[in-house]
Amino acid sequence: MGPVSGVLSHRWVRFAVRRLGRLLVSLAVLLTASFLMIHLIPGDPVRGALGPTAPAALVEARRESLGLNDPLWLQYWHYLQGVFTGDFGTSLTSQLPVSDIISQRLPATLTLAIIAFAVAVVVAVPLGVLMGVVTRRGRGRRSELAFTTTSVVLGTIPDFLIGVGLVYVFGVNLGWLPVAGNATPDAYVLPVIALAVGPAVILARIIRVEMVAVLEADFVRTARAKRLPSRTIYLGHALPNALTAALTICGLLLGSLVAGTVLVENVFAWPGLGRTIAQSILSKDYPVVQAIVLVYGIGVLLANTVVDIVLALLDPRSMIAED
Amino acid sequence: MARRWMRVLRTPLGLTTGVLVAAVVVLAIVAPILWGDRADAVDTDNILTGPSAEHWAGTDGLGRDIFFRSLVASRLSLELALVATVLGVVVGLLLGTAPLLVGRRLGRLVTAGVNIAVAFPGLLLALFFAVVFGVGATGAVLAIGLAGAPSFARLVQTLVAGVASLDYVSAARVAGVGRVRILLRHVLPNIAEPLVVNATLAAGGALLAFAGLSFLGLGVQQPSYDWGRLLFEGIGTIYVNPMAAFAPGLAVLIAGLAFNLFGESVAKGLGVTTVGGVPVLPANDAKRSGAGEDEHSTADAARPSPSDLVLDVQDLRVSFPGADGPIRPVRGVTFSVRHGEALGVVGESGSGKSLTALAVAQLIEEPGHVDAARLDFRGEDLREGPRAHRHLLGTSMAMVFQDPMTSFNPTRRMGGQLAEVAVHHQGMTRKQALARAVDRLRAVRVPDPEKRATQYPHEFSGGMRQRAMIGMGVMGNPSLIIADEPTTALDVTVQQQVLDLLQSIRDEDDVALVLISHDVTVVGEVCDRVLVMYAGRIVEDLPADQLDGGARHPYTRALVAAVPDMHTDLEQPLAVVPGRPVDPADVPVGCAFAARCPLADDHCRAVDPPLAPVGDGISVACWHAGEPLGLDEETGELMEAETV
Amino acid sequence: MSELRFDDVTVRYGTARRPFTAVDGVSLTVPAGQVVGLVGESGSGKSTLARAAVGLAPVHSGQILLDGEPVPRRGRVRPLQMVFQDPFSSLDPRMTIGESIAEPMPPGPSRAERKREVQRLLSLVHLDPVMAGALPGRLSGGQRQRAALARALAGQPKVVIADEITSALDVSIQGAVLNLVRELQRELGLSILFISHNLAVVRYVASHVAVMYQGQIVEQGPVSEVLVAPRHDYTRELLAAVPGSRPSPQAHPAATARSSS
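Residue numbers (my numbering), protein chains in the order written: chain A, 1 to 323; chain B, 1 to 644; chain C, 1 to 261.
Read the hints as simulated data drawn from the structure, not as lab findings.
Just so it is clear, CB atoms sit at the ideal spot from N, CA and C, and this is done for glycine as well.
Careful: at least some of the hints might be erroneous.
Label pairs and their calculated CB-CB ranges [unchecked claim]:
| id | chain 1 | residue 1 | chain 2 | residue 2 | range |
| --- | --- | --- | --- | --- | --- |
| 1 | C | Pro19 | B | Gly325 | 49 to 59 Å |
| 2 | B | Gly617 | C | Tyr13 | 46 to 56 Å |
| 3 | A | Ser99 | C | Pro93 | 38 to 48 Å |
| 4 | C | Gly14 | A | Gly181 | 53 to 63 Å |
| 5 | B | Leu62 | A | Gln104 | 32 to 42 Å |
Put together the whole structure using the sequences plus the hints.
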């Protein structure tokens, strides 16, 4: 075992270094982009935020306090310092520290996203596997058509429209479930459904396609040649391979689910980051926008990294696959 | 290409969604002209009313008719979505093709950039750009267009890389064709279809993304309106008049679905290749099976007693459903294998040799169908289905497949994959089974088997994997090894080692071997007896030492003479079989080889010859078996001997 | 007739920190008007050497010379042409056979002249000239490989590199392509570097043979010497592994058939 684990750990180190490197580069790009965001806006952001009627002296004072008159590199330096010390500046409209706003709002968004993703995975995996087995080798043409069409339709409807539909049916018409806020546990039901439907059907489709492909693979034929029971072939041999392929897409799905919270929070008046960023963009409260974009970006990058690590655990080839 | 697109339109889903897309486009063109005035007409007496005969979807805060506004909004919604899509596609194409055009180092940088950007979801990018470009229609177009660019660039990169690695692009580079010309002539035409399909999907996506941005209030601003804007306004009054939100919501959904479903059905339609060909006429088939029965009665006389036989196959047939009736790649195959015998099966691709092996091993899955007059393995009738003899097959029949790279489960350790057999069929515990696996790996001469058992397949070389595959076969006590092209994917030196290994296993335990190969020389060296297959039938059954010189069938003789060996006369051209192998979906009447055979006459083209013994232990299916055959001195084409 | 010479050629892939040497200091000469067979197992570097010659792989050090001059890597005139292994991927599925063949032709001649030249090349490789208008999808593997040979010849090459051109073909068709290679070589006096893993095939078409092993040439010389009295262990191993290498007393079936008639 000694030399084997030695080789393994060596490979793990290389993988970890490379993956961490990519994360750091992506973070650097993200930090720079979020910093530049304010400077890319045509015109004076402070003037934009305070409106055309604000006195010039006030604008100038606010610019000075925000450090916008410093040279760009110095602003960048201060921005980085701020980010690493948890200081994102102050909101232009509410005058509150941005870090307070974020720490207040982040938990609501995070809970929503994680629950919705868990629900999506729990629904999608068995559904995808089942459909894959049913439609393997060109069987079950009708089930395939029904499943594909339904999943494309459900996958196409944007989460916020599903949300609006749910609000109307369950909130306005039936009045069964709360449609605003997150005060009670049952308030989670509708937003979670709205968020989870899209990723769930996309994931289920991918798993089905992968299952069908894997069931055609040579090694499944080998497993059949070993005369293993069907259950062992499907769950023991085919599923892990179908999952690794599906998992590569999970990072992207989780990312888009995180972004989807922006819209869904606005439908359900959810007190999270999504509602705040929409309001802040409209009121041109740039420090808040900047910080929230950064937080979302970091969330997405971390999600991708976690997925890659899980992938490496499940399929050791993926560690050496890239380049 | 046009014909393939037409075929998509002929499917119900393709037609429906195609018509829907066309309808949405037509609506976008005519709606503002026809109903522009009614949509903008302010009616201060009817503000925020619900649905009525006059206003089907009610009115908005200025008393304007929401139904007509929803229709008219199709123009702006579609325009914005298309502009954003074009923007995304163009930027994506530029970024995606950059690695091909600007050279390796710069290309790698672009690729890395795209890879980072693509990790961020489109909506987040769109929000970012919406802030930068400002709230409003222009900002939203730029935001959604640019947000879609990375994923499109990634798609283009993947597609371009796929085509650029193909030999025809290499050939063009060798021919001195420039990069831009290669891109335009060779790469883009070959990736056009997936690009168009994905652009259609992107248009649907953009349409819905606009609705999303407008819903947040970041899209189109008053007094312009698109579906998203109407939706945004309608949701504000959802308790008063739900229709105000439903009408535009439904419109955007229908349009978005139309584009997406159309794209999906096109993708599906273009991806599917149907098996074409002429249906096999039942009348012909009856005639053939008649000929087959004759053949059995003659063959039966020379048949050894059943107790000697490991495998006894009579009139084996395999069929698959095809576009124009069933395809029959194996059409009545009869053979048997004695204890310890090595039987070779040779033939070209499409001759049915591999399917024969899979059918014998009960590994043909639906929709394939296997039929046989007799299919006995060690005296058990396998036609009862694979479940009935699971343990017998699992321990007594070993399979070795062609590609050792893909025949093992990449996510599981080698030892476990071998051990499974013993756990399921021999009632061993996992620990006992693993010990047995290590022992078997040692038996097939895998060095350091304890360590190897803990490794994954990708840590094995090709030759080692093939040994492990054989080791898996001898976990039980096989009496038959079926090896389907076991050495084709291996180097010659490794090939010899694997063949030697098979030989030594046979010698030790009197194991029979069925070796399927396209290589006559390999089969001639390893096997005792050889079956030559052509177009799903056995055309000759002969002792291996008769291959070189004793073969009677013109096809067998051509096959042997077409392959150079270390003794081939360098002054003579190699034998050439004109024409191409028979397509299993289109098997001719009469002898399937007639079209390529120099000896063929009208009788051959009308009646399929049965396999009949002709002495020297040879059976042959040919009306002109053993007739002299010549070789054109110039081209090597086979010809009737008289004309030489 | 031209001579192709590899002079201490090294090809390296990978990054600077983790280099992989695919071809390691290979010197090899394809004499004018001769066929040199290059044999070796997969991964021995034989295909990489070929790709380096036509500019598809980076040369790390050493020189590849055509009649003493470096092989041109730019511009439309390419005196070195290559035929690839897989005839199903070496022809653009969306270009007609005629268009593919015309592509490497040197610029200058008129459209009509090019068309005539395509027809001439097609008949040279024993394909019906009407095939010029067909897409590759309608051709069999053997026909495609002939078309690929015609395309290589269209570049008016001084030397042709054939990389495993029969290994993707069905056995009954292989012979036809090998016959064609021998015929073209005799008639046009081409110099050919013929790469194969099959010693029997190399013995049949080549006058010289070079054996490659782990990026290096371990033995080279006339076929009659190397295959009869190999000096390197790997060559011996290779020879021993050729199936059917046991001496067989029988003559060719076709030859027997002829003598009996």
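Hints, one by one, checked against the model:
A hinted range of 49 to 59 Å holds for the C-beta pair proline 19/C and glycine 325/B, which are about 57 Å apart. Take glycine 617/B and tyrosine 13/C: their Cβ atoms lie about 54 Å apart, and the range 46 to 56 Å holds. The hinted range of 38 to 48 Å is not satisfied by serine 99/A and proline 93/C, whose Cβ atoms lie roughly 58 Å apart. Between glycine 14/C and glycine 181/A the CB atoms are about 57 Å apart, so this pair conforms to the stated range of 53 to 63 Å.
Taking 32 to 42 Å as the suggested C-beta distance range, the pair leucine 62/B and glutamine 104/A conforms, at roughly 38 Å.
When each numbered hint is compared with the structure, a violation occurs for hint 3 only.
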